[in-house]
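Listed in order, the protein sequences are those of chains R and U. At position 166 of the first sequence the residue is numbered 165 (numbering that gives the first Met the number 0), and the sequence of numbers has no breaks. At position 176 of the second sequence the residue is numbered 175 (numbering that gives the first Met the number 0), and the sequence of numbers has no breaks.
Mixed in with the good hints there might be a few duds.
Listed next, the stretches of chain R that the computed footprint assigns to chain U, with coverage defined by at least 3 CB atoms under 8 Å from CB atoms of chain U [unchecked claim]:
{"id": "1", "region": "7-19"}
{"id": "2", "region": "23-31"}
{"id": "3", "region": "81-89"}
{"id": "4", "region": "141-149"}
{"id": "5", "region": "186-200"}
The hints are simulated quantities; they were obtained by calculation from the structure and are not laboratory data. Because the structure is a prediction, the values reported are computed rather than measured. Glycine included, C-beta positions come from ideal geometry on N, C-alpha and C.
There are 2 protein chains.
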Amino acid sequence: MRIAELSRVSGVPVPTIKYYLREGLLPAGELTSPNQADYGDQHLHRLRLIRALVDLGEVPVAGVKRIIEALNSDSLSLHDQIGRAHRAITPQPQLTASTEVRAEAAAQVDELVRSRGWTIDPDAPALTTLIETVAAFRTLDQDHLAGFLDSYADAVEKFTELEVAAVTSRADRTTPDQIAESVVIGTILGETLISTLRLLAQESISAQRWKVD
Amino acid sequence: MRIAELSRVSGVPVPTIKYYLREGLLPAGELTSPNQADYGDQHLHRLRLIRALVDLGEVPVAGVKRIIEALNSDSLSLHDQIGRAHRAITPQPQLTASTEVRAEAAAQVDELVRSRGWTIDPDAPALTTLIETVAAFRTLDQDHLAGFLDSYADAVEKFTELEVAAVTSRADRTTPDQIAESVVIGTILGETLISTLRLLAQESISAQRWKVD
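Working from the sequences, and respecting the hints, build out all of it.
Here it is, written out as structure tokens:
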């Protein structure tokens, strides 16, 4: 199909498609004349993946590029693919907590990881962000929220196991490339799914308790 | 304290503090001379709140401004405060799913909300985002992930109840302003807490299953 048709089917404007082509997120179409290229179903699929990561996952274009490079690579393990996706969606905060508060937060997080038997790379970006978030709760006089860390981790472990089960349940019917793509989509859009469900559950409780008509 | 001292104690650079003052996020200090202002503990506290929302909550400055206006207002109910915080952190996707796929996704989400007895405003931004995310799973051939919606909602309901309990456990010892601030911080930083815990739980499972040394 021509670029206009690709735009119509995908709902993505032509200038945006051209931008993704320039940035190397989308592979070039097959040239049918010096000024015209033909695009196939693999372009449409890739374009939908890019839009989902950008729009729903709120991943910056540079992050999407690194994820797509990882998906295109034959040498990265699934563990490394997941690492790329994680780095693309983990906020990297400026460290503003005081040394003392951060040390307390780090000790709390270390104890959590140890007690759960989690295998975590000490350089994992999510580790720094979690410590800084716990430190922020303390700095903002919301220690009671950080006190629920273990209960949160319980709930989170449950649905992480569900997510892994969802991906591996299809492992026998799919290629390694499809598994990697499924894991990346699940990691990133799964976060959007969980956060919107949480907002809806909060809204419902809030409407029942605090809504003033 | 002078602005340089406020910067030192908070870890926020002076130009950033001046930007927040210009944008009206931070109230002006008390003028002690035509060129000098004095800042107190309430400025330090507000500055730390702004940094936490921007850095850890990844809330854009315009969203932080709306949240702070809400916190400053005497007329907004707690339910409306929560609504402001929700709108500030809900991705607003372009709608690219086809009409047919979106209708299927909307039916699945409607059924979820109905079966759980949730009270949701039909205009809730999280509702649109959830429908579009479920539609994206379908469009990207990941229907199996959308199939876990109900199990996710189970897990999410559990920790939302924990979060509300955490806030209301302090309600007798705090003013309405402090409750509103606590709810907003819990809503926004709670999301960072949950998402980083999820990434760590995923990393651990991934390291145990798929890491290649």
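In rising order, the numbers of the hints this structure does not comply with | As far as the earlier hints go, only 2 is violated by this structure.
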